[in-house]
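Residue numbers (our numbering), protein chains in the order written: chain A, 1 to 286; chain B, 1 to 652.
No lab work stands behind these hints, which were simulated from the structure alone. Where a beta carbon is used, it is the ideal one built from N, C-alpha and C, also for glycine. Where hints are given, some of them may not hold.
[What the hints assert, rightly or not] In silico contact screen, one side only, chain B against chain A (beta carbon under 8 Å); selected entries:
1. 219
2. 316
3. 353
4. 549
[Unchecked claim] Below, in silico cross-link-like pairs of lysine-lysine (BS3-like), each with a Cα-Cα straight-line distance of 30 Å or less:
5. 86/B x 41/A
6. 493/B x 123/A
7. 63/A x 127/A
8. 43/A x 63/A
9. 521/B x 37/A
10. 37/A x 510/B
11. 510/B x 43/A
12. 86/B x 123/A
13. 493/B x 510/B
14. 212/B x 51/A
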Amino acid sequence: MSNEQASHPEAVACALRALRESAQPLTVAKLAKAIPKSALKSKKDLPELLKQMVRAGQIRSHKARSSVYWLPGLEEQASERILEALSEIPLTQTDLKSKLRSLLIGWPQTRRDEMLARLIKEKRVYKVPPLTGKAALLSVRDEATPQDYVRLALQLAVDRLKTRGLTVEQVLTVAREVLKPAPVSPAISPSSHDAADLERLILERMLRLNPSAVNGAPVQLSQLRQALRSEISDKDVFDRTIMRLAEHGRVVAHRHDYAGGLSQEDLAALVSDGQGNYFIAVTLRD
Amino acid sequence: MSLAAISNPFHSPVVSDPWEGPEIDVISVHQSAFARCCEAVATVRARPHSASVLVYGESGSGKTHLLARLRARVAGEGDGSGSFQKAIFVSAPLRASARMIWRHLRDCLVGDLLRRSGDGGAQLERLLLGLLSKYRLISGDGPLWLAQRRQEARRDDLPCRELEELFDRMDSAGRLSYNLRVALGHLLLGRHRGLAAAWLRGESLPEEALRKLEIMPEPDGDDELEDQARQLVTALSCLATAELPIIFCFDQIEALQLDPQDTSGLIAFGQMISALYAETRRVLIISCVQISFLGALNQSVRGADLDRIREFAEVSLNPLTWDEAQQLIKARMDAQPELKRLRAGRPDSLWPLREEEVKAAFTGAGCIARRLIAHCAALFEAQRGGEAVAIPTTPSVEVFLKAALEERRRKALESGEPSQTNQIITHGLPSLLLLAGNRWRQRNRDVPAGVDLLFESAEGDVAIGLCNNRPGPGLVKKLDQLRRVAEDAPATKLILLRDSRLPIGRTASKTRELRERLLKKGARWVEPSAEALATLDALRRLLSDAKSGELDNRGDTVELKTVQDWLARHLAADLKDVLNEMAPGDVMPPPEELYEEIAELLGRQHVVSVADAAALLGRKVEEVEACAQTHSDRVGALGDPPAVLFRLVSDV
Chain A
1 MSNEQASHPE AVACALRALR ESAQPLTVAK LAKAIPKSAL KSKKDLPELL KQMVRAGQIR
61 SHKARSSVYW LPGLEEQASE RILEALSEIP LTQTDLKSKL RSLLIGWPQT RRDEMLARLI
121 KEKRVYKVPP LTGKAALLSV RDEATPQDYV RLALQLAVDR LKTRGLTVEQ VLTVAREVLK
181 PAPVSPAISP SSHDAADLER LILERMLRLN PSAVNGAPVQ LSQLRQALRS EISDKDVFDR
241 TIMRLAEHGR VVAHRHDYAG GLSQEDLAAL VSDGQGNYFI AVTLRD
Chain B
1 MSLAAISNPF HSPVVSDPWE GPEIDVISVH QSAFARCCEA VATVRARPHS ASVLVYGESG
61 SGKTHLLARL RARVAGEGDG SGSFQKAIFV SAPLRASARM IWRHLRDCLV GDLLRRSGDG
121 GAQLERLLLG LLSKYRLISG DGPLWLAQRR QEARRDDLPC RELEELFDRM DSAGRLSYNL
181 RVALGHLLLG RHRGLAAAWL RGESLPEEAL RKLEIMPEPD GDDELEDQAR QLVTALSCLA
241 TAELPIIFCF DQIEALQLDP QDTSGLIAFG QMISALYAET RRVLIISCVQ ISFLGALNQS
301 VRGADLDRIR EFAEVSLNPL TWDEAQQLIK ARMDAQPELK RLRAGRPDSL WPLREEEVKA
361 AFTGAGCIAR RLIAHCAALF EAQRGGEAVA IPTTPSVEVF LKAALEERRR KALESGEPSQ
421 TNQIITHGLP SLLLLAGNRW RQRNRDVPAG VDLLFESAEG DVAIGLCNNR PGPGLVKKLD
481 QLRRVAEDAP ATKLILLRDS RLPIGRTASK TRELRERLLK KGARWVEPSA EALATLDALR
541 RLLSDAKSGE LDNRGDTVEL KTVQDWLARH LAADLKDVLN EMAPGDVMPP PEELYEEIAE
601 LLGRQHVVSV ADAAALLGRK VEEVEACAQT HSDRVGALGD PPAVLFRLVS DV
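Pulled out of the complex, with its shape left as it was, chain A reads as follows (with noise of 0.2 Å):
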């Protein structure tokens, strides 16, 4: 076993906080400035001091370009900017490449491609069918939505009536011409609508807040509130359909465990059953 980064402690660790400070792999050019001399006995130790960091699993380069180093953890943000940048919308292959180029400054091209193919392979970035054409587009869900779909017909418009001298925005107003508003729903008034249109409204907007709900995730009755205060704008109102609702077995209501703690202004935002119990979410009842 060398003793070479036993005898460097502080050259190891002035590396590492270099790396750590740096968004982007870095040089040994960069690495031997961020290390002050007194570190290490000659400048020419460095090289083999950063191998055993290396192999002792400190931090890591590729073959492809042995003179860039990174920690571990900056291959992971690389791939969440990997993810981030397909979360926009699906992208091919080659748009995605191009796109990385900006990026992912300072990694080698062969880690990038790398780094692309593990997250296909982990499943955590899926080959979709493309919109128009055969090449398959790389999505971060496992079938594009109609939303992407949507926002890629957007896209292409945009490209295709670019030639006709039209601007994004433009193109855009005239998407926004085309589709309709949808019509406002009425505010429902308790004098209008019977509990049974209450008790629907609330379960649909739970789903619609959370689809997991479906599966017993829970909602949040403060947001629940808020999604339906043009639909149902009485307090009381809100409160009792929420408790009628448990009563009958449709959601389960979970009481605040430290209500009495809470401002006044904290305890109108939960539901009250009237009797001193305060609910802060609910879940639908399996």
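Using the hints, position chain B against chain A.
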């Protein structure tokens, strides 16, 4: 036999640790939440991904019970059918500060990997034997092979070639560092177990111990330690396989928050889960929170991290329905053969309890499990008297909290180690200051290197540096960083804390010199005693339990505010002493060098004559005698004047 002779089947209502119990488990209770967790286990077996489940529930709803059920199932203790495959189980109650969250997880992970479970072997052994078998490096009976290898290892000191081959084959990404491979080899072969386990936990070991382990020294600055912990956790998690995935269970997430304005702990938690999820495979992450904490979680954790935390499923533990409540009550009573016999043939299925009295515990359509069990315990006690009498009263909150604090303090004294000191202080001291009505406000941004806790006060900034490293390059670096703080920001009050059980020996000349320089610049040197640290540990544990709704006074959850008020009132006694020790109003005198030398000597040789001590330390006998008498609270001495010195240990 009469009811009076039968013990109450509703006592011990709370499963407070997933590694305990559950003694009685009604599988239909929380069945759907449990099924989702099992689906998540199946998913990480089926796909090379990690998965994450977020479990909500009111306090006392059975979150820890659910984890205990899962733990028992994956340990093969379930229904005996063996149909559920095994997994490695790790429990991580988050009593930690944001800055040390990875180190805390490392400690929990290693502690549980070295814990014996199921077939009697440590979980780590099962994991490594499973991998060796999977890669066909061993065949036949794994434990038998291991017993032979251990015998061979006792004869010679050669590394385990199968393990080396395994690591080379499975770790193409190079995540398992040289040091980690060496430590795992020692643990598998049963060599230097104590030292290897201490290294794996992240304890600071002397050079001699590292040489013995053949482990290379690593930088031990604060940032480096947190990075190393993260790397070690993800590296160990990479040992998970489809056959033996790892399940991380995070509990007491609420304890990460100092107060409702403090978001640093929750942000750190979100980032940690995101990283763990992304950098591992075949790992299931289960996070449990109180439903009342839903808003705080949504507001404080970054959206992308929250998506990761609940990636596979969000499930709620609902209050029990009347049907579920009846099943639970019957199961508890029928688990006692004498009571089962007495109950047989009775028309009232809940006898000796009355249905209408049990239903009094219900709020609307449901009742929390803990409340129901405590209510039934009181009803049963009343019935045992032979007639329907008033339900026995629960202890007063004062009595309950006093006993709860004392119990935690006793445990802390029994198991306290200097390696826990940083975690205790970074997590506990801000809470203590808050309780004391101190107006210091903790700052988590722009904290200078070397500073562990930074507070803003009306008189200026107060920086606390924890100097609990072993004397060596790490401690020198830390003191040097703190020296820079003292020079760059002379208005900042600097407090240096070092566990009194870690004396700085005479050979650590550089450390002593730097400390002297810092003291001359006005820094304070504080050495909290083992007793003070145990009290602080007990305090933070009590607050953590209260924050996560786990303080159960016979079915009544004791609220955080009640605990805080009670502790604040009692600061006048014990806790005020602790605070004065941690952050004294007066400048502390510099530590006496001779005392430190004696303490260090007694750390190595627990009993030594005064004459030998004087000779070993190059001092006069009279000097050693006088010093031992001055520090009689910390140095044991026999005779007058002292003839023999011995190491004092805490009185539990």
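Cross-check of the supplied hints:
1. 219: holds, 4 Å
2. 316: holds, 4 Å
3. 353: Result: violated, 24 Å to nearest chain A Cβ.
4. 549: Holds. Min distance 5 Å.
5. 86/B x 41/A: violated, 52 Å
6. 493/B x 123/A: The hint is violated at about 52 Å.
7. 63/A x 127/A: Since the Cα atoms of residue 63/A and residue 127/A sit roughly 28 Å apart, the hinted pair holds (cutoff 30 Å).
8. 43/A x 63/A: holds, 22 Å
9. 521/B x 37/A: holds, 28 Å
10. 37/A x 510/B: holds, 21 Å
11. 510/B x 43/A: Holds, because 26 Å separates the two Cα atoms, which is no more than 30 Å.
12. 86/B x 123/A: holds, 25 Å
13. 493/B x 510/B: holds, 23 Å
14. 212/B x 51/A: holds, 25 Å
Of the numbered hints given earlier, the model fails hints 3, 5, 6; all others are met.
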